[in-house]
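S.K.: Here's the letter readout for the chains.
Protein chains: 2
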Amino acid sequence: MSRFKHYRVRPGAPFRLADIDPTATPFLPEAEHHQREALELLAAELDRWQNLLHAEGRRKLLLVLQGMDTSGKDGTIRWVFSRTSPLGVRVAAFKAPTEEERARDFLWRCHQVVPRAGEIVVWNRSHYEDVLVPVVEGWLDKAELKRRYAQINDFERLLTETGTVIVKCLLHIDKDEQRQRLQARIDDPGKHWKFSLGDLEVRRKWDAYQLAYERAIRATSTAHAPWTVVPANDKTHRNLMIARLLIKVLRDMKISPAPANPAYAGLKVE
Amino acid sequence: MSRFKHYRVRPGAPFRLADIDPTATPFLPEAEHHQREALELLAAELDRWQNLLHAEGRRKLLLVLQGMDTSGKDGTIRWVFSRTSPLGVRVAAFKAPTEEERARDFLWRCHQVVPRAGEIVVWNRSHYEDVLVPVVEGWLDKAELKRRYAQINDFERLLTETGTVIVKCLLHIDKDEQRQRLQARIDDPGKHWKFSLGDLEVRRKWDAYQLAYERAIRATSTAHAPWTVVPANDKTHRNLMIARLLIKVLRDMKISPAPANPAYAGLKVE
Chain A
1 MSRFKHYRVR PGAPFRLADI DPTATPFLPE AEHHQREALE LLAAELDRWQ NLLHAEGRRK
61 LLLVLQGMDT SGKDGTIRWV FSRTSPLGVR VAAFKAPTEE ERARDFLWRC HQVVPRAGEI
121 VVWNRSHYED VLVPVVEGWL DKAELKRRYA QINDFERLLT ETGTVIVKCL LHIDKDEQRQ
181 RLQARIDDPG KHWKFSLGDL EVRRKWDAYQ LAYERAIRAT STAHAPWTVV PANDKTHRNL
241 MIARLLIKVL RDMKISPAPA NPAYAGLKVE
Chain B
1 MSRFKHYRVR PGAPFRLADI DPTATPFLPE AEHHQREALE LLAAELDRWQ NLLHAEGRRK
61 LLLVLQGMDT SGKDGTIRWV FSRTSPLGVR VAAFKAPTEE ERARDFLWRC HQVVPRAGEI
121 VVWNRSHYED VLVPVVEGWL DKAELKRRYA QINDFERLLT ETGTVIVKCL LHIDKDEQRQ
181 RLQARIDDPG KHWKFSLGDL EVRRKWDAYQ LAYERAIRAT STAHAPWTVV PANDKTHRNL
241 MIARLLIKVL RDMKISPAPA NPAYAGLKVE
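Protein chains in written order, with the working numbering: chain A, 1 to 270; chain B, 1 to 270.
In short, the hints are calculated from the structure, not lab data. Bear in mind that the values here come from a model prediction, so they are computed numbers and not experimental data. Incorrect hints may appear among the rest.
Repeated chains share a single entry, so a pair holds when one copy, or any two copies, can fit it.
Cut-off 25 Å, straight-line C-alpha distance, at most; resulting in silico cross-link-like pairs (DMTMM-like, lysine to aspartate or glutamate) [said to hold, decoys possible]:
1) Lys194 <-> Glu270
2) Lys95 <-> Glu119
3) Lys235 <-> Glu45
4) Lys235 <-> Asp47
5) Lys142 <-> Glu201
6) Lys235 <-> Asp69
7) Lys60 <-> Asp74
The shape of chain A in the complex, shown without the other chains (with noise of 0.2 Å):
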């Protein structure tokens, strides 16, 4: 049975988010002197797979990860993608919308920055940001939401339909571990600048955001873009997890090498 069998959430099934441990670690070698050896091997693996892809010039591949502050996305994207270049590897990070962004549909801006055929983009927060901040905050009717849950659904669809391979991962941390990073980045001057009061607002809501978590990733693992909640308290365990989900997608998409072109046969360059 594959181990990601337990993290990725059936389309339909029930699911609550109570249910995966943070601390578990899974996917993490026994021995810790193993560890960093194997995020550096299944980096490098990674970027062979990525140039085949840009190679193939065909399909897309997505990587959306979403979590509370300080959960890992910026560590992630870091590590796992430690040896692929940025010819074909490109990051879009969502901050609060802009005035012109609100000025449109919610996903006017994700639609800018989906991948190029043959290019990996990895989504630093995302759409889902709008079926979270709303909800927690009160601004959005039961009705609107569920609409909204289904745009994301057929917007979803009709980037697999056109040849990208979308994966979703939530970084699942608990509140404590949460509440030590947030320490850490106060006690620590030179991470001021990764810090700020609103963070805590955040946190006090904790428990309203882990409940919008749980609604919009049922209403939205679908079985052409399902989710992978990462158990992320460990952190060299939740780099090696999405490596290793990302070379798993990587893999079954069967890509093709480009093909040879006959015209070129004997051809000698002056």
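Fit chain B to the supplied structure of chain A, relying on the hints for placement.
M.R.: Just chain B now, kept in the frame of chain A:
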């Protein structure tokens, strides 16, 4: 004396591209087994500088890569940025302008992909294509070309005056080196996707392109955005020289660490 001096084009000086030997390797360690190690160390050092630039969150670095087909623009990006994170390094590739792009001034599409605060952006080809291709093809008269040079200098001054450090590199190979590299792409069917018959058309105009480069570099190597000619027949030399140049530039920027916020002192997360 800095090893870069001979390769940095002095503003207003008489400059002849033929004076720079594409086979020179002043930045190559003598022992071959030290080369890979040197590049690994520089790539890791560049990652540390990129993190500082990101944490400072104020200034920007723009690397412009120009060169004939096969001169190694992609390879440079792959190796020099093999250790940096896609969080802080972005590549913009310039192809033949689209209809939308041709409907605006030639700097319009460039302006859209300038680095944001804290970011390194690499331009794989650039606005310089617009003072090369149309010159070789005879589409521009002298007065218009002169205006474009001035427009480029003005545009680059705007960027530097608003916090962007611009590093412009010509990857300088000789005609025989290009012959071998194009032939290698033809002889390896797995590399056909990198080749098109149009590459041979452009190669036939080699001398005209060299002259157009020489004139463009002479007209646009300014104090605020100087050109460096990188001997690039040797790929490892090319990578080492550009990595060293970027690190030198970043060091000269005297990046200050992000300041602590006194309001956060003693704060306890609950």
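S.K.: Could you figure out if Lys194 and Glu270 sit no more than 25 Å apart (CA to CA) within one copy, between two copies, both or neither?
M.R.: between (56 Å within a copy, 18 Å between copies)
S.K.: Could you place Lys142 and Glu201 in one of the four classes (within, between, both, neither) given a Cα distance threshold of 25 Å?
M.R.: within (24 Å within a copy, 62 Å between copies)
S.K.: Could you figure out if Lys235 and Glu45 sit no more than 25 Å apart (CA to CA) within one copy, between two copies, both or neither?
M.R.: both (20 Å within a copy, 23 Å between copies)
S.K.: With identical chains, the pair Lys235 and Asp47 could be close in the same copy or across copies; at 25 Å between alpha carbons, which is it: within, between, both, or neither?
M.R.: both (21 Å within a copy, 20 Å between copies)
S.K.: With 25 Å as the alpha-carbon cut-off, assign the pair Lys95 and Glu119 to within, between, both or neither.
M.R.: Both, since 22 Å and 16 Å are each at most 25 Å.
S.K.: Could you place Lys235 and Asp69 in one of the four classes (within, between, both, neither) given a Cα distance threshold of 25 Å?
M.R.: within (14 Å within a copy, 42 Å between copies)
S.K.: With identical chains, the pair Lys60 and Asp74 could be close in the same copy or across copies; at 25 Å between alpha carbons, which is it: within, between, both, or neither?
M.R.: Both: 21 Å inside a copy, 20 Å across copies.
Comparing the model with each numbered hint stated earlier shows that all of them hold.
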